[in-house]
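From first to last, the protein sequence lines are chains E and S.
With the working numbering, letter number 454 in the first sequence gets 454, and the count goes up by one each step, no holes.
With the working numbering, letter number 275 in the second sequence gets 275, and the count goes up by one each step, no holes.
Treat each hint with caution, since some may be false.
DSS-like cross-link-like pairs, simulated, lysine-lysine; straight-line CA separation at most 30 Å [claimed, not checked]:
id, chain 1, residue 1, chain 2, residue 2
1, S, K90, E, K383
2, E, K182, S, K333
3, S, K251, E, K484
4, S, K27, S, K90
5, S, K251, S, K193
6, S, K90, S, K118
For the record, the hints were derived by calculation from the structure and aren't laboratory data.
Please read these numbers as outputs of a predicted model, since none were measured by experiment.
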Amino acid sequence: MPFTWLVLILLAIATIGFILGRRRALNSAGGDRRELHSLPVYYGANVAMWAIVPAATVLIIWMLAQPFFVNSRVLATLPDAMVSEGSSIGLVMSDVRRVADGLDVAVQLGAMSRAEAASISTETSDVRERLGEVGVALGSAVSPEVLSGAQRYRTLNAAGSLLMTVLVLLIALGGAAYAYSKSTANFRARNNVERGILALLIAAASVAILTTIGILFALLFNTIEFFKLYPAADFFFGTNWAPSFSGRGGSSDLGVLPLLWGTFYISFIALLVAVPIGLFSAIYLSEYAGPKVRSVAKPLIEILAGIPTIVYGLFALLTVGPLLVSMFGKDTLGWMQGGTAVMTAGLVMGIMLIPFVSSLSDDIINAVPQAMRDGSYGLGATKSETIRQVIIPAALPGIVGAILLAASRAIGETMIVVLGAGAAARLSLNPFDAMTTITAKIVSQLTGDADFASPEALVAFALGMTLFVLTLGLNVFALYIVRKYREQYD
Amino acid sequence: MTDTIMIPAADGPKKSSLLVQDARTRKRNAAETRFRIYGMAAIGVGLLFLVFLFTSILRSGLPAFTQTVVEIEFTLTQEQFDTAETKMLKTGEYQNIFVSALTEQLDASGLKVDFDNKAIERIVGKPGGTIRSFFLENPDRIGTPASFELAASSRVDGYLNGRVTRDTLVDSRFLMATDLDLVDALEDAGIIKGAFNWNFVTGKDSGVDNPGGAGLGASVIGSFFMMLVVLFLSLPIGVAASIYLEEFAPKNRWTDLIEVNISNLAAVPSIVFGILGLAVFIQFAGFPQSAPLVGGLVLTLMTLPTIIISTRASLAAVPPSIRDAALGVGASKMQSVFHHVLPLAMPGILTGTIIGLAQALGETAPLLLIGMVGFVAREYPETFVGGFTDANSAMPAQIYTWASRADPGFYEKAWGGIIILLLFLITMNAIAVLLRRRFERRW
Chain E
1 MPFTWLVLIL
11 LAIATIGFIL
21 GRRRALNSAG
31 GDRRELHSLP
41 VYYGANVAMW
51 AIVPAATVLI
61 IWMLAQPFFV
71 NSRVLATLPD
81 AMVSEGSSIG
91 LVMSDVRRVA
101 DGLDVAVQLG
111 AMSRAEAASI
121 STETSDVRER
131 LGEVGVALGS
141 AVSPEVLSGA
151 QRYRTLNAAG
161 SLLMTVLVLL
171 IALGGAAYAY
181 SKSTANFRAR
191 NNVERGILAL
201 LIAAASVAIL
211 TTIGILFALL
221 FNTIEFFKLY
231 PAADFFFGTN
241 WAPSFSGRGG
251 SSDLGVLPLL
261 WGTFYISFIA
271 LLVAVPIGLF
281 SAIYLSEYAG
291 PKVRSVAKPL
301 IEILAGIPTI
311 VYGLFALLTV
321 GPLLVSMFGK
331 DTLGWMQGGT
341 AVMTAGLVMG
351 IMLIPFVSSL
361 SDDIINAVPQ
371 AMRDGSYGLG
381 ATKSETIRQV
391 IIPAALPGIV
401 GAILLAASRA
411 IGETMIVVLG
421 AGAAARLSLN
431 PFDAMTTITA
441 KIVSQLTGDA
451 DFASPEALVA
461 FALGMTLFVL
471 TLGLNVFALY
481 IVRKYREQYD
Chain S
1 MTDTIMIPAA
11 DGPKKSSLLV
21 QDARTRKRNA
31 AETRFRIYGM
41 AAIGVGLLFL
51 VFLFTSILRS
61 GLPAFTQTVV
71 EIEFTLTQEQ
81 FDTAETKMLK
91 TGEYQNIFVS
101 ALTEQLDASG
111 LKVDFDNKAI
121 ERIVGKPGGT
131 IRSFFLENPD
141 RIGTPASFEL
151 AASSRVDGYL
161 NGRVTRDTLV
171 DSRFLMATDL
181 DLVDALEDAG
191 IIKGAFNWNF
201 VTGKDSGVDN
211 PGGAGLGASV
221 IGSFFMMLVV
231 LFLSLPIGVA
241 ASIYLEEFAP
251 KNRWTDLIEV
261 NISNLAAVPS
271 IVFGILGLAV
281 FIQFAGFPQS
291 APLVGGLVLT
301 LMTLPTIIIS
311 TRASLAAVPP
321 SIRDAALGVG
331 ASKMQSVFHH
341 VLPLAMPGIL
351 TGTIIGLAQA
361 LGETAPLLLI
371 GMVGFVAREY
381 PETFVGGFTD
391 ANSAMPAQIY
401 TWASRADPGF
411 YEKAWGGIII
421 LLLFLITMNA
431 IAVLLRRRFE
441 RRW
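Can you build the whole structure from these sequences, using the hints too?
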C-alpha cells in the first residue's frame, strides 16, 4: 500500500511541522505569547498547511496525469499493425493492462521474481499458463507485443510512482521548512492561515461548477463522437427506434422522435393526474383547512415526495399495471395488452408529483397578499369566487412555474418508466400501449453489453444531452417565471 | 358636480329578503360547497394513494420475511453413518435416512401419504448433502438426536403464503400437484412451518433461479459504504461551500455563476449524474465498476446541492448580532464564523445532511449506469478498504435487480427489500425530526 503510506507520511510531516512551528514561534517571542502577532496555534497551522496543500495538489495532478502518459508511451511501442487489425486501441490497451496486473499479482504471491516478471518472454515460457497458476485468467494466449507492452507498462508505472513519491515528499518537506523558517513573532500567521482557509472554501464552492463542467464534457464529447458515426439529422428527425443487438452497429435506426413522444405522453398523463389533485390540495390546505387539518394532511401528503422512485417503479410494475390490465385488458375492454403501458407509468408518476405540485403551489398561494382577499370579500364574493377570480389569477405565473418544474421532474424520471412503461419505442396515441422514454433508453443502451465505442452505446449520451438541455431549459424558464412573479409582491 | 345614481327600474331584481335565499344565492352557495368538496376530494385522493401504496407494500412484502422450513429431528446411528460413507452415492443414502425419518414421524402423527424420493427433492431440494456435511463436521453428534431445519423450495413457500394455489399450479419439475397432499400432511404434522427468514435480512443475493435463498444483507453493506463516502465528502464540501457563499462571497459574476449552478444542479435528472459517473469516474479516471466508492462519489455530487441549500438556510438563520458581537470583541471574520456561527447552525446543518443522505440512499437511476445492477452480490467485502472498492450492490439496485428477474418468486423479495429500505429511510427522517425538535433555537 504505497499510496496509503505516502498519505500517512504526509500527515506525519504536517503534524511534526505543526508542533515545531508552534514551538519556534513561541521561542522567538521568548516564551511570552503576548509578544506574538497571532495565537501560537496559527503558526503551527501555517506550517502544516504549507506541508500538505502543495504536496497534495501535486499528488492529485500526478495521479490523474500518469495513466495518460504511460498509456501513450506504451501505445507508441506497440506496432501499428496490431491496433488496426485488432478492433480498437482500447481493447489492446486493456489486454496490456490485464497482463501487467497479472504479472503484479504473480510477483506479489511469490510465483515469480521481480527480475523474472521483467524479463519473461513468450518464447521461453507460456505466460498465460504461468499467470493462470496464480489465479489470473486470460482470455487468449499472450502475444509477444502485448507482453513487452505490459512489461514496459510496469516499468513506466513503477518509475512514475517512485518519482511521484520522492517529489511529493520533497515538496512537503520544502513547504514545511519554508513555513518553519517564517515562524517568528512578527509573522502574520493568522492572516496567512485564514487566506488558505478561504481558498479552500472557494474551492469547495467551485465543486458545483466543476460538476456542471463534468456533466457538459461527458455529454458533449460522447455526443460529438456519436454524431461522427451516425448522422445528426437521422437522430433528431428519425421516426424509428430500432438499435441492432449485435453491438457492432451498421443497421441500427436511432431516431429520437418515438422516445420524445413517449416521454412527453407519459409526462402529460402524469401532469393530468398531479396538477388537479395537487392544485386543489394546495388550495384547500391554504384557504379552507384549519391549522389542525393542515398540520396532519400536509406532512402526510409530503411523505409521497420522500418515497424513493424505485418503490414507485415496483408499485407501477406489480400493483398498478396488473390492476389496469384487469380493468382495460383483454377480458374486459381489450385496450391493454400488458401491464406496462403509458397509462401505468403516467398514473404512478402523477402520484409521485402530487406533493411537488401541492407544496410549491401552497407557497405561491400563501404569498398572495391578504389585502387582495379582503378586498374581494368586502365586495361580497364568496370564498370560492375569491379563489377563482382573484387568487388564482394573481398566483398564475407562480403556479405555471410550479407545473413546469413538475414537468421537468417528470421528463427526467427514470425508475418508474424503466419498470412501468415498457421497452417498445412506438409512435401511438393509445395510452394503454407500451412506450418508452429517453431515460429508459439511456439505461438500456448503457447497461447492455454493446461495445462502448459503437453508436448503440454512444447514442445514450446524445439522449442524455437531449434530456439535459430539455430539463435545464424548463427549469431556467420556470425559475425565471417564479422569480419574476415573486418580485411583484415583495 | 353631482353623481346621479340610476336606480334600477322596478323590473330589475325582485325584492329580496335576508331570510329567504334567492335562486342566485343558492347557486353561489352550492358552487362554494362544491369547490370545497373538490379540495377535500383532492386531499382524500392523495391520502388514498398513500394508503394504497403502503398496504400494497406491506401485503406483498411481509411474506418475504417468513420462510417455510421443514424441521425434523432424528438420530443417526454410527452403523448408518458407516454404511452410508461406504456407498457410492453417499448423499443419496443420507437422503434415504432422512426420508425414512420423515415417514416415521408422519406415521407417528397418524397421517398416511404416499410419496417418493422425487417429491421430497421437489419440496426441500436435496437434503442429503446438508445432513452429511453436518455429521462429517460434528462426528460426536452421531448417535444423539439431531434436529435439522431445511428451507423449503420457493413454490412450497408460495403455496403456504397463498401465492401458489392448487388451481394455478402447473405441474413442472419444480412442483407437482400431487406433492401438495404431502405438503398438507407435513403441515398438519407440524414438520413444515413458517420461521423468520434471517437469511433475507442478513444474507447475500442468490442466483437467478433461487429466489428462496436471496438476501439483502450484502447490498445493505454496499449501501452503508456508499453512505460513508457521501457523508464524509458531501458534509465538509457542502458546509465549506455554504460558508463561503453565505458569509464571504462578494457579489460578483463568479458567485452568481456558482449560485445559478447550484440551483440548476438541484434540478438535473439523477440519471444524468449516472452518465457523469460512467464517463468521468469509470471511463476517464479508471475507477472499478460496481464499486461503492464510485456510487458514493456520484451520489455525493447529486446530494451536494440539497445540502448546500439547507446549510445556507441554517447559516442565514443565525442572527447578525452573534457575528457583530464576535467581531466586536476582536475576533476575525473567519473566527466569528468558525467559533460562533457554525456551532449555532450545526443542528440545522445535520438535519439537512441526514435528509440529503436519506435521499441518496433511495436513489437508483445513477447506480444503474455505473454497474451496480445485474451484479450478483454473492460476497461480503472482506476488508474495510475492500468495502469501498470491491464490486457490490446497493439496496435500491438490488431491489431493481430482483424486480427485473424472470422468476416471480423474486417479486416478493423486492417488496420485502422495499420494506427494509423504507425502515432505514423512516429511521433517518425520524432522527432528523428529533434533532430539529431537540436543538431548534428560536432567536
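Hint by hint, here is what the structure shows:
{"no.": "1", "hint": "S:K90 to E:K383", "in the structure": "84 Å, violated"}
{"no.": "2", "hint": "E:K182 to S:K333", "in the structure": "24 Å, holds"}
{"no.": "3", "hint": "S:K251 to E:K484", "in the structure": "20 Å, holds"}
{"no.": "4", "hint": "S:K27 to S:K90", "in the structure": "88 Å, violated"}
{"no.": "5", "hint": "S:K251 to S:K193", "in the structure": "70 Å, violated"}
{"no.": "6", "hint": "S:K90 to S:K118", "in the structure": "17 Å, holds"}
In this structure, the earlier hints numbered 1, 4 and 5 are contradicted, and the remaining ones agree with it.
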